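Q: Using the sequences and the accompanying hints, generate a full structural model.
Chains as they are written, first to last, in our numbering: chain Y, 25 to 165; chain G, -1 to 497.
FYI, nobody ran anything at the bench for these hints, they're computed from the structure. The model shown is predicted, which means the values in this text are computed figures rather than measured ones. Any given hint might turn out to be false.
As the list claims (entries may be wrong) - A short, non-exhaustive set of chain Y residues, derived as facing chain G with CB atoms under 7 Å:
no.: 1; residue: Q30
no.: 2; residue: F39
no.: 3; residue: V41
no.: 4; residue: G47
no.: 5; residue: W49
no.: 6; residue: I57
no.: 7; residue: E58
no.: 8; residue: V60
no.: 9; residue: G64
no.: 10; residue: P66
no.: 11; residue: P69
no.: 12; residue: T70
no.: 13; residue: A71
no.: 14; residue: R76
no.: 15; residue: Y78
no.: 16; residue: I82
What the hints assert, rightly or not - Derived DEER-like restraints, expressed as beta-carbon distance ranges:
no.: 17; chain 1: Y; residue 1: A145; chain 2: G; residue 2: H170; range: 52 to 62 Å
no.: 18; chain 1: G; residue 1: R203; chain 2: Y; residue 2: I165; range: 50 to 60 Å
no.: 19; chain 1: Y; residue 1: V159; chain 2: G; residue 2: R428; range: 28 to 38 Å
no.: 20; chain 1: Y; residue 1: T150; chain 2: G; residue 2: A434; range: 35 to 45 Å
no.: 21; chain 1: G; residue 1: A451; chain 2: Y; residue 2: V159; range: 17 to 27 Å
Glycine included, each C-beta is placed from N, C-alpha and C at the ideal position.
Listed below are the residues making up each chain.
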Amino acid sequence: MGARSQQIDVDGKAFTVQPAGHGCWTVTSDAGIERVWVAGPPGSPTAFYDGRIYEFKILTNAERPSRGQGDSHALSAPMPATVRTVLVKVGDEVAEGETLVVLEAMKMELPLRAPKAGRVAEIRCTPGELVQPGVPLVDLI
Amino acid sequence: MFRRVLVANRGEIAIRVIRTCRELGIESVAIFSDADAGAAHVAAADRAIRIGPPPPNESYLKSDAIIDAARQSGAEAIHPGYGFLSENAAFAAACADARLVFIGPPAGAISRMGSKIEARRLMSGAGVPVVPGETPKDQSTAALLAASERVGFPVLVKPSSGGGGIGMREVHKREDAEAAFDAARRDAEGAFGNGTLYVERLVTRPRHVEIQIFADDRDQAVSLFERECSLQRRHQKVIEESPSPAMTPELRQAMSEAAVAAARACGYTNAGTVEFLLDESGGETRFYFLEMNTRLQVEHPVTEQVLGLDLVRAQLMVAAGQGLPWRQDQLRQRGHAIECRIYAEDPASGFLPQSGPLWLYREPAGPGVRVDSGFREGDTIPVHYDPLISKLIVSAESRATALRRLERCLREFPILGIRTNVPFLLALVRHPDVSAGRLDTGLIDREIDRLVAESGPVLPMPVVVGAAVTAAETAGTAPGGALPEPGADPWATLNGWRN
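A: Structural data, given as structure tokens:
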């Protein structure tokens, strides 16, 4: 397993991920170099970064909650959360990175941002509602 | 010195004792339950003997099986570690009957200090301050009120035959006393069939400061000074340090003298800890006897780091009849040490204990860093026992530098496969009251929501997502990749974040 690096794009930002061996990965971006440890099965890896633990579920294409056409982008909560505010309404044109919904989980605010510029097609949540991960909250076209 | 010692424990403390045995040229014999057949402490010992099935009652608490194992292996002494049989007077007596040396105090000292009432009576007699309190013979409201005034408000009213906090009432003002007496009396009668009440001075926001003592059978007893263990969650210590930020040379002297007097009063030998409550209310600092722990403590490394000595070596020497290796005037504190307990527990779900495989376990290192661990990468944390994985102990020249070192080490302590309290400890170390040394036993419980919130994942975190996705796509590069899925609820679901 050579020191092959991979380019990866997350939320529109470019990262270079390089294996440092034994579960450690270096992640380089404009912001600098960080070290992340990853372990676990490929479908549900866990990671340690800067004193905190992250658990993931990698969804296959079949598991992705796609709604109809490929160009529709459904946004959902990353963990069970309460909807605090909905900042957009149906028909709004939004820019990439614009906050659409503010969630609250474990006393933290989690902004749900537009992954791409687009128009709000549907809003599927109301403030105060408890939402589960993977359930679409806003549809963007 | 002994030629062979049986270590009647498991996990990090068994390994810690085995290491000192090896340095002294003593052969070590480990014991294990079926759940621990492949455990790190078994691999660390020179020999290991199976005791029984996983439940503690059938293995690590089974004193006759442990004594048989010691005889069978030709061990001359048993080190009990902490927990399990370490404070069991009957086990200490059974060792003596079997002509095995119990590495700890005599059975009589264990039982005297094990009884709260007997310990309090003994301590008062030895001039060790106890929390002022009385059970008036006359249980009328007037007599209870008079007793409360003698004890001094605020007071805690509790059933004299009670326990578990049932029926306890805090009374801050004289005018609230009568109602509190009536309510406590009703609770006491309901719960224990006896309405007799005890009134005790209420110590608000106390610190927990304990003194490590050591005594031998040649009438020598020394104080190895204090450890502050105020950072507790539901009476369970989380972070311990020495020196205490609240300590002055005069207070240290007074507490050390009281602790040594306590040890002498109960006929103590070997390592022990006298726990005190520190009351800083009202402008002057007072201390009160809480209880004595008649064993080596979980947090003993803090004292070892600050004094530069090995307490287990001294335990073995004293038990072998060689006397204490140091005099009081040779003992000096130097710098600062802090320990935190790394647990397999989930702060986000009420600190639920976790069990499962350690896919990845990498200890921090560097100057002033000590990790006493019971597990290795690839080991499994069993469900049957205390979920302590390891203890991280840092030392440095000052408290501020030690705190910074602790923070660095927690940020460099990846443990994956099970959830741990590492993120919680990091939040605690960063709390302003902890940095400032403003500690009391209620701090964690008061701040629990904030601390738990700060120990969760920070989302979205593209850096982590990038690494996790790349690792997942390069299947087999991540440790644990071949293992079955953990089945735990994911905190974060990676869902369409990749464009």
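Q: Now, for every hint given, state plainly whether the structure supports it.
A: Now the hints, each set against the structure:
no., hint, result
1, Q30, "holds (5 Å)"
2, F39, "holds (4 Å)"
3, V41, "holds (4 Å)"
4, G47, "holds (5 Å)"
5, W49, "holds (4 Å)"
6, I57, "violated (10 Å)"
7, E58, "holds (5 Å)"
8, V60, "holds (4 Å)"
9, G64, "holds (5 Å)"
10, P66, "holds (4 Å)"
11, P69, "holds (5 Å)"
12, T70, "holds (5 Å)"
13, A71, "holds (5 Å)"
14, R76, "holds (5 Å)"
15, Y78, "holds (5 Å)"
16, I82, "holds (5 Å)"
17, A145(Y) to H170(G): 52 to 62 Å, "holds (60 Å)"
18, R203(G) to I165(Y): 50 to 60 Å, "holds (58 Å)"
19, V159(Y) to R428(G): 28 to 38 Å, "holds (34 Å)"
20, T150(Y) to A434(G): 35 to 45 Å, "holds (43 Å)"
21, A451(G) to V159(Y): 17 to 27 Å, "holds (23 Å)"
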